[in-house]
Amino acid sequence: MSQMSEHRTPVSIQGLAADDPHLAPAARHPRLVERVIALNFVVGLVLVIGFGACYWVNAAPWTLGATMGGGLFFLGVGLVAWGKYLMPRGPFVEERHPLASDEVERDAFAAAIVERGGGVVKRRKVLGGLLGGGLGAFGIVALFPLLRSLGPLPKGTLFHTDWRSGTFAVDSTGRRVSVGELAIGSIMTVFPEGLENTDRGQAVDQTILIRISNENFVTQKGRETWAPMGYLAYSKLCTHLGCPVGLYEQQLQLLVCPCHQSMFNATNGAIPEFGPAPRPLPQLPLYIDAQGYVRAQSDYHEPVGPGFWERS
Amino acid sequence: MKRVGAYVAAGLAALAPVVAFAGTAHAQTFSFTPYQTSRFDAGTPNSSVVVRNHHGVIISYGDSAIMYHAPSSTLDALGQALFLQNCASCHGDQANGIPANGTPGAYPNLIGLGPATIDFWIESGRMPAVDTAAVEAPRRPPRLTHDQALAIAAWVNSLDPSYPYIPSVNLKGANVADGAALFALNCAACHTIEGDGDALARGTYAPSLRNIPATQVAEAIRTGPANMPRFTGNLSDYQVRDIVKYVTTEIQHPRNPGGFGLGGLGPVAEGFVGLLLGVGLLALVGFWVGERQ
Amino acid sequence: MSDAVTTRRSRRQSRGPYGRLGSALNELDDRVGVAKGGRSFLDKIFPDHWSFMLGEIALYSFVVVLVTGVFLTLYYVPSQAIVTYHGSYLPLDGTSMTEAYASTVNLSFAVRAGLLMRQMHHWSADIFIGAIVVHMARVFFTGAFRKPRELNWTIGVTLLTLAIVNGFLGYSLPDDLVSGTGIRIAYSIILSVPLVGTYLAFFIFGGNFPGTAVIPRFFILHVLIVPALIVGLVGAHLFLLVRQKHTQFPGEGRTERNVVGSPMFPVFMAKTTGFMLIVAGVTALLGAFAQINPIWQFGPYEAARISYAVQPDWYMAFLDGALRIFPSWSFHSFGYTIPFEVTIPAVVFPGLLFGLAYAWPAIERRVTHDNALHNLLDRPSSRPKRTAAGVAVLAMLSMLFIASSTDVIANFFHVSLNTVLWTMRILVLVSPFVAYPIGYFIAKEIHATRGGGRRKTVNVVQRTASGEYVATPAPAYGDDVASELAPTPVPTFITPPEAVPPTDPGTRTVDR
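Residue numbers (numbering that gives the first Met the number 0), protein chains in the order written: chain A, 0 to 311; chain B, 0 to 292; chain C, 0 to 511.
Source of the hints: derived by calculation from the structure; they are not laboratory data. Careful, some of the hints might be misleading.
[To be verified] Chain C regions said to be covered by chain B (calculated; three or more residues, Cβ under 8 Å):
(1) 46-54
(2) 85-98
(3) 125-133
(4) 230-238
(5) 344-355
(6) 428-434
Note that the structure is predicted; figures quoted are calculated from it, not measured. Positions of the beta carbon are idealized from the N, C-alpha and C atoms, including for glycine.
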């Protein structure tokens, strides 16, 4: 302990007299305000204890929040009021000293860097270059594998789905879809058989199957055999941002994306007719086999989902 | 690395005037009758329970989850009278969509739609229509009673008996968790995951499910009214029952353990509450804490 | 006995005049040297104007976010492993889901106070970002970003960016149907970046969507990396604020060379601590009574499922709105694609927006050629062009915000989506050009009125017996007196208020 403290006396008030209006409470009726603040603190205290009690008996969530929130709120209001009304009203002032140093200091600082650093580095340019090169190379070399190991290269994954010639269309439980199953105006989401429960099957291969008539339905030229018995299949991935286009209006024959309201004409090759989607939904060529199962003729003829750089 | 170089080259080359903007609006006109329900090739029901009357006509079919009943043929005469009174001015006195002096095809043909369709439209108050030119027939308090609706369904069905009959859902033993999953897969895309419905294309909308009786939920799933797709072979009676259970319990009576449900609008409502009640209220408190100089 | 008493007394004497606390401070000062700096810190002056509280809302809601977030990390499991839920929420019983979703449902229902903490966390995050925006608007419209505070403005804009990013990351963690859709959209936006988009997306997500690593990676970003950056930058923000001292509005006794207000201790400390409690209290009340993000209703995310009316949290809504209204312009050339319909609204536009925010102090300096140090604030009306520019940007952002709920508007007013979409396209483009002149002229008019923004002096009009009307200024209010006292330096210590007889404000002379 400091020896000097024994002989200290309290510091006296400097600057303001005790009855200076700056030191007066801001409230016109300090006694009343004091009582109101005390009431706030009491209510806050009771509520905070109530919070503990509610927690102890595991009461409904809203009671926990109400007691805790109310308690903190009243304590806070009381404390603010204390500071605002019962403490010196001010206003007080503080001088603002310029942050900038004087010119001598500035020059000395700059000189220290330029002269000292320059003197050392200029004479050893090769060393500096080597050090910089080494650290730079380390930066690049360290960054590259870090990025590279984060994930696989895209390669062709965005261009293909898992639909192949002869793949059975199954529903989300893995049941094969057969031809009597959908009435006209019906919709279902199908996946390539075996992939209905995988991430890739759900996220990439998801296909929307609708039935719009009893005959082969031609949506566009070159797709004469793609929709046997009115069974039409489109990729369920919106060409805008990849949301599932799960919304089918069977009278308007529109497929609608719930995210940004792109609308695709189901009877005309899913050409977008409203909203931000730029391309038609890719159509999956179907056939119906001898047992009456709905199967794919091939993969989609173009990449599914949203646009990306490498997509032609 | 070679490939990246190619991209750079191609990117620069793309600045050349060979620029193609693809994809715009393709407006197309539809011959579209507002309330049309598509024809329905239901065939004979292959349910586990099939009840026939003494003429060999199926009067009920179904299973432990849903039984479908045909409205009694004793109501036929009453039904015809009610139909002529309330429906024939548009649908024609033969219910074939040809009014006495109108153009065929302007109004829906009701023949062969099945009693469930007729019952749904009448009991949900959509028919008789208030405004036949509107894009959507809004749900209203029904103008006809339950028995009157059954009678009309009975008479229309007597013209050409067809399915589906009027479902009676047995919610005992329904699995609400399966119902929730099926709802998310099949219904939420239009009706939203909280069942509030939302606007669709060209002024149509998916209605809210907050106040719909179990029978009508099942009827809508099975018949696909207006723009709603129809769910037939792809949902079993047991699955429909699970969905109906989920809709009539969790959707219509959400537990909201976290407080007021904010109207089910999700982040839109939450944003308003957060900004107005949260930031706004606190800014007001700050207005009190600070001075106004 | 008497020996013991003397010892105690002498010990007390040896503590010096300020008792136990004083001696503890002495001990600390011996070792660290706190007295001089600490004293000037206690005397530090904080301006009292209410608009300076907006930044405090942000700071304290961030405290609430941190505290509740720590609670949540104790129960949340950042894993995409599939489990079967068997918990107290029956509508999900037997459903297979990721551990992330299952643990979020569990911490909502099975952990005591868990739901409250989750809701408070979400509400305070919403308030945090909202308060940042309001605070930023205050700083912008009053010109507080001018020299020497450009660096703190830059830090502030970075904080806003980080807060938005972390908000999105946190929104994604429960892995419910709604957040999963948000992640899917984010993936597609990254994919749309020209040249490197596919690589970026594959690296961030660990492969094609949904990848294998997104939840654990988002988790570590959300709870460690981004918060560490935010905490560091908040520290830097406050350090610069203390070092450069506050700005203040012009007024009685206020100059470029001083700061007028209340001292740190005790007045400001009482007010600000109380305000912190109020912020926490309001957040807890919202958490108690307003349900937010009921993920149990949404169900687990599966890529083939979707709900209509899915929206991001409010601070992302302007991006969603931009994505909705941007036309379907895709750019194809030489076998490559730039999805303009995504890249422009979701990458280029926010880049320009935040770039403009970063660059604004430099832009203004270039336009005004004003290189002076500014510690006194502008009134928004005294800088009509700046005010109008800010109003124009806010107007456009508000329109984009509204555009993010085109479907809700169409459903509510029973108009077609097509009408709403075209209306919003036009409004977004037109609104800044309408808002700018309106803002400009209103600011100019207010500036032109004499004494605009000042409190008006009340005149009492009396009719004399002869029928004449005489107007006399009414006596000043207490508030007038308080705010118009000439400021004085903080005294060494402050007398307790009881020592001062309460004065009648009406009788005090007003120093005008």
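Structure-based check of all given hints:
1. Note: the segment 46-54 of chain C has 7 residues with beta-carbon separation from chain B under 8 Å; the three-residue rule is met and the coverage holds.
2. Given a C-beta distance limit of less than 8 Å, the hint that chain B covers the segment 85-98 of chain C holds, as 6 residues qualify and 3 suffice.
3. Requiring three or more residues with a Cβ within less than 8 Å of a Cβ of chain B, the coverage given for the segment 125-133 of chain C holds, as 5 such residues are present.
4. With 0 residues carrying a beta carbon less than 8 Å from a beta carbon of chain B, the segment 230-238 of chain C misses the three-residue requirement, and the given coverage is violated.
5. Only residues whose C-beta sits within less than 8 Å of a C-beta in chain B count toward coverage, and the segment 344-355 of chain C has 0 of them, not enough to reach three; the restraint is violated.
6. Note: the segment 428-434 of chain C has 0 residues with beta-carbon separation from chain B under 8 Å; the three-residue rule is not met and the coverage is violated.
Checked against the numbered hints above, the structure breaks hints 4, 5 and 6 and satisfies the rest.
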